[in-house]
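Q: Can you make the complete structure from the sequences, with help from the hints?
Chains as they are written, first to last, in our numbering: chain L, 1 to 345; chain E, 1 to 345; chain S, 1 to 345; chain V, 1 to 345.
A pair holds if it fits inside one copy or across any two, identical chains being indistinguishable in the list.
PhoX-like cross-link-like pairs, simulated, lysine-lysine; straight-line CA separation at most 25 Å:
(1) Lys16 <-> Lys3
(2) Lys131 <-> Lys97
(3) Lys330 <-> Lys97
(4) Lys264 <-> Lys137
(5) Lys16 <-> Lys131
(6) Lys97 <-> Lys16
(7) Lys46 <-> Lys64
(8) Lys97 <-> Lys170
(9) Lys139 <-> Lys264
(10) Lys16 <-> Lys2
(11) Lys3 <-> Lys46
(12) Lys131 <-> Lys264
(13) Lys25 <-> Lys2
(14) Lys264 <-> Lys25
(15) Lys131 <-> Lys25
(16) Lys307 <-> Lys3
Derived from the structure by calculation, the hints contain no laboratory data.
The primary structure of each chain is shown beneath.
There are 4 protein chains.
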Amino acid sequence: MKKIRVGIAGLGRLGKVHAANLAYKIPNAELAAACSIVPAELDYAKSALGVTETYADYREMLAKAGLDAVAIVTTSSEHCWQIEAALDAGKHVFSEKPLGVDVAQCRQAEAAVEHHPDLTFMLGFMRRYDKSYAYAKEKIDAGAIGTPYLVKATGVDPEALVEGAIRFAKTSGGIFLDMAIHDIDLCRWFLGSEATEVYAIGATFKHPEFKEAGDDETGIAVYKFANGAMGMVHVGRTAPHGYHVETEIIGTEGSIRISAIPEKNQAQLYVTGGVVTECVGSFPERFQDAYLTEMEEFVNCVITGRKPGVSVYDGTNSTAVGYATTEAWKTGKIVKISRAPFPEA
Amino acid sequence: MKKIRVGIAGLGRLGKVHAANLAYKIPNAELAAACSIVPAELDYAKSALGVTETYADYREMLAKAGLDAVAIVTTSSEHCWQIEAALDAGKHVFSEKPLGVDVAQCRQAEAAVEHHPDLTFMLGFMRRYDKSYAYAKEKIDAGAIGTPYLVKATGVDPEALVEGAIRFAKTSGGIFLDMAIHDIDLCRWFLGSEATEVYAIGATFKHPEFKEAGDDETGIAVYKFANGAMGMVHVGRTAPHGYHVETEIIGTEGSIRISAIPEKNQAQLYVTGGVVTECVGSFPERFQDAYLTEMEEFVNCVITGRKPGVSVYDGTNSTAVGYATTEAWKTGKIVKISRAPFPEA
Amino acid sequence: MKKIRVGIAGLGRLGKVHAANLAYKIPNAELAAACSIVPAELDYAKSALGVTETYADYREMLAKAGLDAVAIVTTSSEHCWQIEAALDAGKHVFSEKPLGVDVAQCRQAEAAVEHHPDLTFMLGFMRRYDKSYAYAKEKIDAGAIGTPYLVKATGVDPEALVEGAIRFAKTSGGIFLDMAIHDIDLCRWFLGSEATEVYAIGATFKHPEFKEAGDDETGIAVYKFANGAMGMVHVGRTAPHGYHVETEIIGTEGSIRISAIPEKNQAQLYVTGGVVTECVGSFPERFQDAYLTEMEEFVNCVITGRKPGVSVYDGTNSTAVGYATTEAWKTGKIVKISRAPFPEA
Amino acid sequence: MKKIRVGIAGLGRLGKVHAANLAYKIPNAELAAACSIVPAELDYAKSALGVTETYADYREMLAKAGLDAVAIVTTSSEHCWQIEAALDAGKHVFSEKPLGVDVAQCRQAEAAVEHHPDLTFMLGFMRRYDKSYAYAKEKIDAGAIGTPYLVKATGVDPEALVEGAIRFAKTSGGIFLDMAIHDIDLCRWFLGSEATEVYAIGATFKHPEFKEAGDDETGIAVYKFANGAMGMVHVGRTAPHGYHVETEIIGTEGSIRISAIPEKNQAQLYVTGGVVTECVGSFPERFQDAYLTEMEEFVNCVITGRKPGVSVYDGTNSTAVGYATTEAWKTGKIVKISRAPFPEA
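A: What follows is the structure, encoded as structure tokens:
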């Protein structure tokens with residue numbers, strides 16, 4: 001079995017997850033090189049992951065490491081040019097979400113992907129590869145709920161981690177850009193359509209620091225979709241019980257709900273006060289398996305030439321919707337979303 | 001123990017529920033008279049409920065039956081003048097929701113209530129008396145979830161009963177006026193504030209008859225409240241699994257969710273295909289106990305002079321919000337809600 | 001509508017529940033008389049229930065009160081002679097469980113019932129009238145789980161009420177006689193067969209007072225049934241989360257489980273530590289509706305002449321099994337249960 | 001990082017799972033050799049797992065493959081001599097459960113383990129490494145439920161796979177030896193004590209083939225433990241909803257229940273008939289992660305010299321209890337279990 005040689009760019013928290021999966025958990029991949037501007041991350045790649053080729057310069061890694069593919073897990077603002085550079089160098093590309101920090105960047109990445117139709121490009125919307133979400137999609141595609149016409153998506157970070165969110169409130173782009181992109185992608189994916197209109201509001205009741213930074217700690221957005229379907233997204237940062245990601249897809253013949261209780265595992269405690277289900281504490285805990293499954297899918301797509309389920313247009317469109325949502329929230333107005341449809345649509 | 005003498009006006013489906021409760025289930029009340037324009041309903045009152053005094057004319061019942069109180073369960077458009085007439089005749093009044101079919105009517109009822117401060121008036125928002133909802137309110141008032149800042153309310157009628165809804169689609173006032181009033185009341189009640197702005201959309205995917213009648217089979221509305229809190233209401237008519245009423249109240253220190261699975265009872269079936277929880281099939285089944293509890297509360301308020309938890313202003317304001325929601329949905333625009341605050345606020 | 005005149009004997013905690021139901025909640029019954037050896041209970045009957053005829057002597061009530069029926073809610077040791085006396089006086093009889101405190105007493109009651117085939121006799125196994133249990137039986141009778149072959153029944157009293165249990169440990173007859181009779185009845189009812197063999201053990205880990213009194217705080221019993229089916233009963237007194245009654249009926253095509261979480265209502269709290277479901281705190285809370293439903297059934301049986309679902313033999317046989325279980329537990333041996341089958345079997 | 005070289009013996013269904021984990025999922029291990037008497041399995045090792053050294057003879061693999069450790073996943077009757085041979089050859093040993101097919105064999109393995117105290121030996125009770133079970137143990141060790149005094153363990157295979165069980169009914173050793181060993185181990189593990197007495201019964205209602213083969217399709221066993229605690233095990237083969245493994249550990253201050261609903265994932269379907277949770281279909285699906293975690297633990301123990309949590313005595317004692325349970329079931333008598341306590345106890 002041939003192993004594809006993958007280089008990783010970026011070894012922060014999520015980079016380490018992807019790197020370890022590539023290094024140890026995916027039979028037909030090897031983590032052949034690592035690139036970071038943080039020396040400690042390169043030391044980590046050497047000592048913990050056994051990577052011998054490390055680079056401080058991304059283009060140098062592309063030129064010298066003999067890679068088949070790169071996994072881009074750098075700061076969001078670097079994604080698009082790194083995607084383009086990798087594709088131009090003939091490498092397959094996996095990029096973490098978001099595709100880019102604005103729509104213009106995303107279009108640059110789109111153009112690069114379109115110029116290299118033979119190379120695999122995949123965006124890291126890992127929720128689609130979570131077994132519960134994949135099961136829901138499979139059931140829906142098999143007709144289990146008829147035609148989906150409403151998605152209600154919730155994504156609330158744990159209060160336990162709110163300090164970090166407060167620290168980045170001024171630069172995060174606001175709650176919708178920072179938090180809602182996965183939920184927007186899920187709405188699009190399950191409904192099979194694109195959002196055309198958005199209304200959004202926010203509130204801050206617990207941590208005034210968000211308001212002071214021009215942000216909100218909770219946001220609600222409602223979407224109309226091109227096919228007449230609707231979406232509802234609720235994002236926040238202060239769930240006391242843990243990391244709460246819940247999604248409901250409602251169709252003409254039934255609905256599917258995922259993680260109404262974001263359980264940590266299958267144990268329940270019967271104690272004074274009641275029956276308690278402990279919840280997952282963070283996104284790496286909740287989506288640990290999904291991060292592996294999506295990377296396996298990327299590697300398999302590279303090997304077989306099959307197209308991944310998540311395309312560059314998913315990145316652009318989710319980003320465009322994120323910006324429109326932010327505009328609606330900031331202006332208090334209904335915002336029309338005019339992004340042209342997918343080329344392939 | 002003195003029993004208060006109650007006359008019932010209207011003996012349709014819900015009227016029969018209230019009448020039977022008054023006749024048999026409430027120790028300190030007696031069903032002393034019944035009034036209806038439908039002769040069969042008066043026959044029912046005699047034969048099934050043992051009511052000897054029956055009237056085809058409402059004012060005649062007020063004049064002759066020697067009542068302490070009336071329970072008004074007639075067509076919505078009759079509520080307000082009947083409330084006024086009963087109060088002017090010195091009777092305590094329980095009225096089913098909605099208070100009236102428009103805000104002007106509601107203000108007429110408000111004025112009547114204000115003119116008779118010594119008489120008990122209570123509106124039938126029975127959900128507030130359901131044991132799960134009452135428990136939630138008690139927990140919230142005790143601080144269990146901190147300050148509530150978001151209510152997500154869902155009320156979807158069962159597909160099994162959709163034919164009736166289709167039949168009345170042209171005259172129902174639209175999905176929000178017909179379906180959302182309880183959810184709007186819950187938002188107001190749990191948030192302790194009034195809605196100031198609404199955005200609403202709808203969709204029809206299963207039964208085009210709704211669209212043809214100018215209605216929608218599903219609606220989503222988002223509200224801003226005066227205190228900065230938010231509300232989200234989802235109503236519909238096509239739940240295949242049963243009658244789905246679910247409410248989530250989210251606060252700064254936790255949240256409470258009621259009936260994520262609208263279970264019929266506490267049994268679960270483990271059979272081929274999985275583990276199945278059967279659901280309640282209708283609102284009388286779901287709120288059977290609440291209808292009794294609210295009427296017990298009305299009777300106790302009459303006897304003790306205590307003010308009921310649901311006031312006439314709850315009726316006016318929920319109706320005003322329902323109209324504003326309908327306007328938002330019909331026009332596609334954000335609608336400001338300018339209703340003056342409660343007199344007592 | 002004719003109302004049947006019922007006299008109540010015994011107005012302790014459960015007697016008050018039955019008395020209030022008869023007085024106020026059952027249209028075709030009236031609470032016509034009350035009997036108690038405790039003067040305060042008779043005062044209660046007068047002041048709270050409006051009963052004018054009160055008696056300190058049971059036979060006097062039978063003779064003078066002009067009753068159609070009696071509801072016996074006295075101390076267990078008095079049940080059987082009171083049943084016999086009432087039947088001999090021509091009254092229909094509802095008796096609380098247990099039928100008697102030993103099998104000899106039970107046979108005395110059986111004989112009385114058999115001598116008066118035209119009178120209604122019903123034993124208060126109220127769990128059968130709980131809506132979840134009744135639903136399970138209906139589903140099973142309709143074939144939803146094939147042939148039932150195993151019942152796993154759990155009944156654990158709340159730790160919050162353990163002091164009372166400790167106080168009566170010496171005189172209660174032991175944990176199985178005191179706690180398991182409902183579970184034994186459920187096994188018999190769902191399996192449609194009689195127990196023929198029992199093995200039982202117990203343990204005391206939290207409150208040594210039980211052991212010191214010759215009792216145990218927890219007991220486990222396993223039963224073979226005549227038709228080859230099996231039963232498992234777990235009883236205890238120290239559930240920290242509340243009153244835990246749970247039953248699982250397993251059949252060839254599926255199983256039904258009732259109250260795996262003995263929820264207080266349909267609300268769930270999402271708070272620091274996880275998602276919490278509060279539980280019922282006591283049997284009156286858990287079976288409030290069932291107590292009413294069983295009494296309605298009794299009254300309806302009296303009026304229509306229909307036989308109640310719970311017979312005197314259910315009382316004798318459950319008692320016989322309770323004694324056999326106690327013998328198995330005390331001796332450490334397997335005990336055969338040789339009770340002759342029902343006359344009607 | 002040094003990788004330990006592991007040879008696998010046996011590549012049946014479970015062998016393939018372990019082999020793939022060793023080959024691809026465990027950074028500090030390599031699957032260096034494979035041994036099987038089935039040529040197709042060796043072909044599989046070469047083609048699918050990239051193993052170059054394959055052997056038809058187990059002792060030859062031990063002698064020639066330069067291994068640090070072996071993983072024994074052969075037929076149960078071969079485990080003990082293979083354990084001994086490997087230890088004598090200086091290899092660390094992971095063995096699948098059961099340790100041996102009788103207690104005499106187990107003692108042979110015990111002796112070998114005792115002769116090689118410097119070598120790691122670990123038995124494959126993978127449930128202990130499932131995240132829900134490990135969480136329960138951790139909570140219990142931290143005092144969350146006080147002193148555990150009762151374990152109720154259920155393990156029922158899916159009806160969908162019953163044909164295989166019927167085929168092996170004559171040679172399986174009976175339902176308790178074949179099915180209950182994991183549940184027995186869980187009782188011992190959670191209670192921290194050894195069983196001293198057992199009573200067991202069985203029933204066959206769906207597939208008479210089991211009875212004809214001298215087996216039963218369902219079994220119930222009750223255990224007394226040396227410390228006064230109790231265990232209840234229910235095993236079967238006909239769960240229509242899937243693979244049902246559920247365990248409840250009850251202590252003086254609370255209880256923990258694992259998998260009351262053996263959910264396939266976190267999605268629930270709301271469809272006609274109710275709310276449906278689909279269940280796992282087999283043990284490899286349910287314990288997929290646990291198989292990996294236990295092997296990671298074995299490898300880490302080899303590397304660090306730390307003792308695994310599952311010892312050879314866990315194997316002997318669970319087997320001894322399995323035999324005693326079988327004797328109880330076959331004879332209808334209470335059976336005392338006299339196995340001497342652990343050496344280290």
